[in-house]
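One letter stands for each residue in the lines below.
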Amino acid sequence: DAKTTQPNSMESNEEEPVHLPCNHSTISGTDYIHWYRQLPSQGPEYVIHGLTSNVNNRMASLAIAEDRKSSTLILHRATLRDAAVYYCILRASPVSGTYKYIFGTGTRLKVLA
Amino acid sequence: DTGVSQDPRHKITKRGQNVTFRCDPISEHNRLYWYRQTLGQGPEFLTYFQNEAQLEKSRLLSDRFSAERPKGSFSTLEIQRTEQGDSAMYLCASSPPTGAGANVLTFGAGSRLTVL
Chain A
1 DAKTTQPNSM
11 ESNEEEPVHL
21 PCNHSTISGT
31 DYIHWYRQLP
41 SQGPEYVIHG
51 LTSNVNNRMA
61 SLAIAEDRKS
71 STLILHRATL
81 RDAAVYYCIL
91 RASPVSGTYK
101 YIFGTGTRLK
111 VLA
Chain B
1 DTGVSQDPRH
11 KITKRGQNVT
21 FRCDPISEHN
31 RLYWYRQTLG
41 QGPEFLTYFQ
51 NEAQLEKSRL
61 LSDRFSAERP
71 KGSFSTLEIQ
81 RTEQGDSAMY
91 LCASSPPTGA
101 GANVLTFGAG
111 SRLTVL
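So the protein lines, in turn, are chains A and B.
Going left to right, the first sequence walks through residues 1 to 113 as the working numbering numbers them.
Going left to right, the second sequence walks through residues 1 to 116 as the working numbering numbers them.
Worth flagging that the hints you see were computed from the coordinates, not collected in a lab.
Accuracy of the hints is not assured; some may be wrong.
Straight-line alpha carbon distances no greater than 27 Å define the calculated DSSO-like cross-link-like pairs of lysine-lysine that follow [as the list claims (entries may be wrong)]: (1) A:Lys110 with A:Lys3; (2) B:Lys57 with A:Lys100; (3) A:Lys3 with A:Lys69; (4) B:Lys71 with A:Lys100; (5) A:Lys3 with B:Lys57; (6) A:Lys100 with A:Lys3; (7) B:Lys57 with B:Lys11; (8) B:Lys57 with B:Lys71; (9) B:Lys14 with B:Lys71.
Estimated spans, in silico, between C-beta atoms of each pair [unchecked claim]: (10) B:Ala102 with A:Asn54: 18 to 24 Å; (11) A:Asp67 with B:Gln17: 47 to 53 Å; (12) A:Glu45 with B:Asp7: 19 to 25 Å; (13) A:Leu80 with B:Thr98: 32 to 38 Å; (14) B:Asn18 with A:Ser41: 22 to 28 Å; (15) A:Glu14 with B:Thr13: 39 to 45 Å.
C-beta atoms are modelled at their ideal positions from N, C-alpha and C, and glycine is treated no differently.
Take the sequences, apply the hints, and build the full model.
Written as structure tokens, this is what we have:
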């Protein structure tokens, strides 16, 4: 299974942008990059995903390096409600014979008021 | 649609007892996953169903664990002869078969197991 590496924790001030990095040097050509977040006492929540091009949605932006060996989740204006553990996940294509999403230990984001 | 439902939310049992958790996915979702999460760790994959077929199972899953999805709707996860190491949050997730949401997992709130 391809691995991801994230910092254990990060801090941000409220209303400022946050860039959460993820390294995935063993990514294969068909692996999708997914981000989920988990608020305290809740199940993980989908944030965004992409394959090669940068992606934007109402929650965040995903910037993918040209060689796809790293990516960055961007929260444009952090709020206190964004305090959570953020997981960067590589999801292999089912044609490879696996359907699972492999979670690492994630980055715990603390937002300061 | 109320999302993914899991029952019970909390279960306390004595070592050696059997426990069963139920997951009701979003109605049109044919893909269903079970994960386990211990304190401070990310969710760990247990098993995957597509409709009623169990297509993938973690090698870490001992034979005390069994999961079913008999009619392709709800699923159950049973743990036999529970051990203290089984104490964890058991998470269920589902996703639809096609469309933009096919790659998006919707998780339930989880079932927390405490084995005394």
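Do the hints match the structure? See the list:
no.: 1; hint: A:Lys110 with A:Lys3; in the structure: holds (24 Å)
no.: 2; hint: B:Lys57 with A:Lys100; in the structure: holds (9 Å)
no.: 3; hint: A:Lys3 with A:Lys69; in the structure: holds (11 Å)
no.: 4; hint: B:Lys71 with A:Lys100; in the structure: holds (22 Å)
no.: 5; hint: A:Lys3 with B:Lys57; in the structure: holds (19 Å)
no.: 6; hint: A:Lys100 with A:Lys3; in the structure: holds (13 Å)
no.: 7; hint: B:Lys57 with B:Lys11; in the structure: holds (24 Å)
no.: 8; hint: B:Lys57 with B:Lys71; in the structure: holds (19 Å)
no.: 9; hint: B:Lys14 with B:Lys71; in the structure: violated (31 Å)
no.: 10; hint: B:Ala102 with A:Asn54: 18 to 24 Å; in the structure: holds (21 Å)
no.: 11; hint: A:Asp67 with B:Gln17: 47 to 53 Å; in the structure: holds (51 Å)
no.: 12; hint: A:Glu45 with B:Asp7: 19 to 25 Å; in the structure: holds (20 Å)
no.: 13; hint: A:Leu80 with B:Thr98: 32 to 38 Å; in the structure: holds (37 Å)
no.: 14; hint: B:Asn18 with A:Ser41: 22 to 28 Å; in the structure: holds (26 Å)
no.: 15; hint: A:Glu14 with B:Thr13: 39 to 45 Å; in the structure: holds (42 Å)
Consistency note: the structure conflicts with earlier hint 9 alone.
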